Amino acid sequence: MLRQIWIVSALNFKSLKSRFWQSMVIVVGLAATVGVMLSMLSVSAGMRTAYQNSGSPDRAIVVSKGVEQEASSAITRAMAPLIAVAPGIAKDKDGKPLADRTLQLGVPVVRANGSKGFTTMRGMAEKGPGVRPELKIVAGRMFQSGKRELIAGVGAQVMFQHMQIGDKVILPDGEWPIIGIYKTGDQLEGQLIGDSETLLTATHKTNYNTMLVRLASPDSLDAFKKAMTTNPALSVDVIRHSDWYNRVASQSTFGLALLGYVVGAVMAIGALFGCLNTMYAAVSTRGREIATLRALGYDALPVAVSVILEAMLLSVTGALIGAGIAWALYDGKLDLFNNVIFYLSVSRAQIALGVIWAAAVALLGGLFPSIRAARLPVVDALRAT
Amino acid sequence: MKYVPLVWAAIMRKPTRAVLTLLSVMLAFTLFGLTIGMNATFAKVQEEARDDRIFAFARFGGLVPIALERQIEGMPGVAMVASSSFVPGYLHDPKNRIFVQMMDENIPKVLPEWPITPQQWQLIRDDRQGMLVSKMQADRWHLKAGDTLTIAAPAARKLDGSPSWTFHVAAITSDINYMSQGYMFGNFDYMDKARTLSDQSKTGQFRVKVSDPSKTAEIAAQIVSKFANSPTPLETITEKVAFDVSAGTGMDIASVDRDVALAGMFMVLFLTANGLAQAVRERFAEFATLKTIGFSDSGVIALVFAEAAIPCLMGAGLGIGLASIVSNVMPRFLPPGQGLPIPTMTIMVFVWAGLCAALVAFISAALPALRLKQMDIATALSGR
Amino acid sequence: MSAAISLRNVVKTYKRGKESVPVLHGLSLEIPAGQFVSLMGPSGSGKTTILNLVGGLDHANSGEVIVGGEHLETLSGGQLTKWRAGHVGFIFQFYNLMPMLSAAGNVELPLLLTNLSKSERQRRVEVALEIVGLKDRASHKPGEMSGGQQQRVGIARAIVADPPLLLCDEPTGDLDRATADEILSLLQQLNRQHKKTILMVTHDPKAADHASRRLETDKGQLIERASVTA
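Listed in order, the protein sequences are those of chains A, B and C. Quick note: our numbering has the first sequence finishing at residue 385, numbered continuously throughout. Quick note: our numbering has the second sequence finishing at residue 1384, numbered continuously throughout. Quick note: our numbering has the third sequence finishing at residue 2230, numbered continuously throughout.
Some hints could be false.
Listed below are the simulated BS3-like cross-link pairs for lysine-lysine, each with C-alpha atoms no more than 27 Å apart in a straight line [claimed, not checked]:
1. B/K1095 to A/K225
2. B/K1193 to A/K65
3. B/K1373 to C/K2015
4. B/K1373 to A/K116
Just so you know, these hints were derived from the structure itself, not from any lab. Fair warning: this is a prediction, and the values are worked out from it, not measured in the lab.
Let the hints inform the model, and build the full structure from the sequences given.
Right, dumping it as structure tokens:
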């Protein structure tokens, strides 16, 4: 049986050339569908990756109870030391706890294309670099505690104007110069960072936003969390940093991803009807060939399978072409959406998704024509002109 | 026209093929409607933005003192200032996000075009805990006038530490276009007096109305410089810029929409052109016969064009119709707080769809029509 | 209504790639109005070419083609098309019906080119179908008919606009003997009762017998075989 399938399919593919333009309908349809879908998903996928990279399983974030945005959280000066002495926090080489008092401020910027936007200015305290070892200075130097200095991320440098070393950012207490450029490999690269204490004074605020701690080990979370939630002086939530960002990622990208899938689905259905059309036409064009094979003794199943295989070959080819175009145009490009900088991502997983999408279309689009091919009345087809 | 039966018979020669083609065209135009319809919504919102209004808010986030309102009002060229803040909370489950915008009494004067009557505004002045709920939000949360709603807002705790805010639904009001998910308006005084002390007498943003629209950008810049060295520096955006979606998100969504619609059209063009070329090829002798009977070149070409145009136009109509239905149903499936604009099928959307359909038909028919024109009847009739 | 056909010194050459194949070398032919003429000859001898020239489907390289007083060699392609509509009816070997139209729909086709009202068109279609004896099959599609019936539909279509001239290209080539005789009788009827001039190309000597004048082509020349006044 397998041998028959092989022979009939090979014969089918040989005759494919004579059905070239008809077959291209499927290829073009799936190329357009998968290309558009992956292009749209590159935004949500890229944002998701940027967010997820920002969180780490060996860190925990402490926020005011019930709050879902870092900027809405408030950790008072009194609370900070209580948190820092809790069990479960890693210590640096001097034995001091790696706990960072952070600030989240919105700061207006001018985008590369001239339009106005916003980005986050983070406050980092003296243990900040210890908590976030992935932060590396790639140009200039790190800011000093107590000094009115800022460092800008590599992403911010590309997407915003006036983010070079020497440029000044206006804060309430005057101009702060940018004295270094950093990279972190995550969403922080689109931001600015300065010293928490100095920023607090400059912006007339009294509270920090969150505390970010490096856990002694990923399992230390429970101990740390217990200490925090049972302390009557504190009213906080403790969440593993990676979980925090997973949630943020999901919430931020849900709508966009949904949009991508809806568009992909609508186009896929359109391509499906085109595929059905083409495969029905292919079967009727091959009528004499199929009838001859049947008359010679080939079973109906190989004929049916060959139809589906043809549909699959064409649709997967189209999907790969579309995915290739989306990848070439977008993958790795820096982009900005809702003031978050990220790299557009057309990943292998998404390309695989596109291929599976196409295969599903081919399966449905080839099924009914394949049944018709199997049921072809042999005698009539042999006589037909 | 008397030729319609002939064209229709030609299209329905292979009924399955005709139906499948129509469905495919329909779906491509559904996509067209959703994307171009979304652009139409953006354009509508942009049109409604007034050129004499400015948003002003804290440059570095957080709240701004109400006192600034009087200071801004005193600036030359400023007609009036209103302020609003909001309570960000949820109903029972953090997933059920609710934002109640807390308005001061100047808001109706600075934003008179909003579809809320003075009587309705008065309701929430009379009852400080009163709330105006727009129809979209009322439908989503099953609210009607007279209901009581309590939301949990841990980020905006009250004086006593409680995160719960209770509102009385005073009236259900009409939706405002640019608030794509609907709105809830409360009384700012209620919020201000019940808040933690450190947050009292502070508000979220100012809506500034200027007297001379030509000076709007200028005044916006002046506000920024006036408070640049104060404890709470302000940032301003004119309403026209604020309502521009691509300026806001940083991504040119309108051209993404157009590209997607174009991709769909390309798919359809390929399908239709191929189908028509094949049909004409199969019926070449029939067309030759028509020519012998006396149908002119242009007559035969017109038949072919009609054969392409009818499914394209039908598909376009059905597709835009389906897009309209999907747009109306879509909001129910989106979680609250996901601000995706609802596509609207304006006249322009229909016009563009019609033009695209005609263009697709024209291009599809072009090559077959050329072949028919060049046909040598004698050869066509004999070459079976 | 009848038409006279005159071919004077007609030369027709076909181009097959780089080669020029001469088919008619200055052929002359006179067919008076109301005659039923059969034209036989081997393949490539030019009989179909003569038919095409008389029907205005093709232009001669030189010479005159006069049908019903009209000099076809002076007419452009577009003018020929217009002329054909009212002056010639074609009947083909393989019928050339539109498979997706009913018999009535097929017969109506030439009338769509006129300004007649729908009811008037329907009346004429009925008349034509009546003449060929297919009135009760008006709503059937070609796929539901035998070869003979399909050819009758083809004839009905050819006569519905009442042209004076009928051109037939192997009209019985695809039919069995009995059916062929029926068709040929019908053609005779159209010639004798309705005074139509008929030029019929055929391979079949028995078919040619039904005509009142028999011609043969041989290497581009015409030979009179017999003339029967019936």
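These are the hints, each one checked on the structure:
no.: 1; hint: B/K1095 to A/K225; verdict: 23 Å, holds
no.: 2; hint: B/K1193 to A/K65; verdict: 23 Å, holds
no.: 3; hint: B/K1373 to C/K2015; verdict: 19 Å, holds
no.: 4; hint: B/K1373 to A/K116; verdict: 57 Å, violated
Violated hints amount to a single one, hint 4; each of the other numbered hints is respected by the structure.
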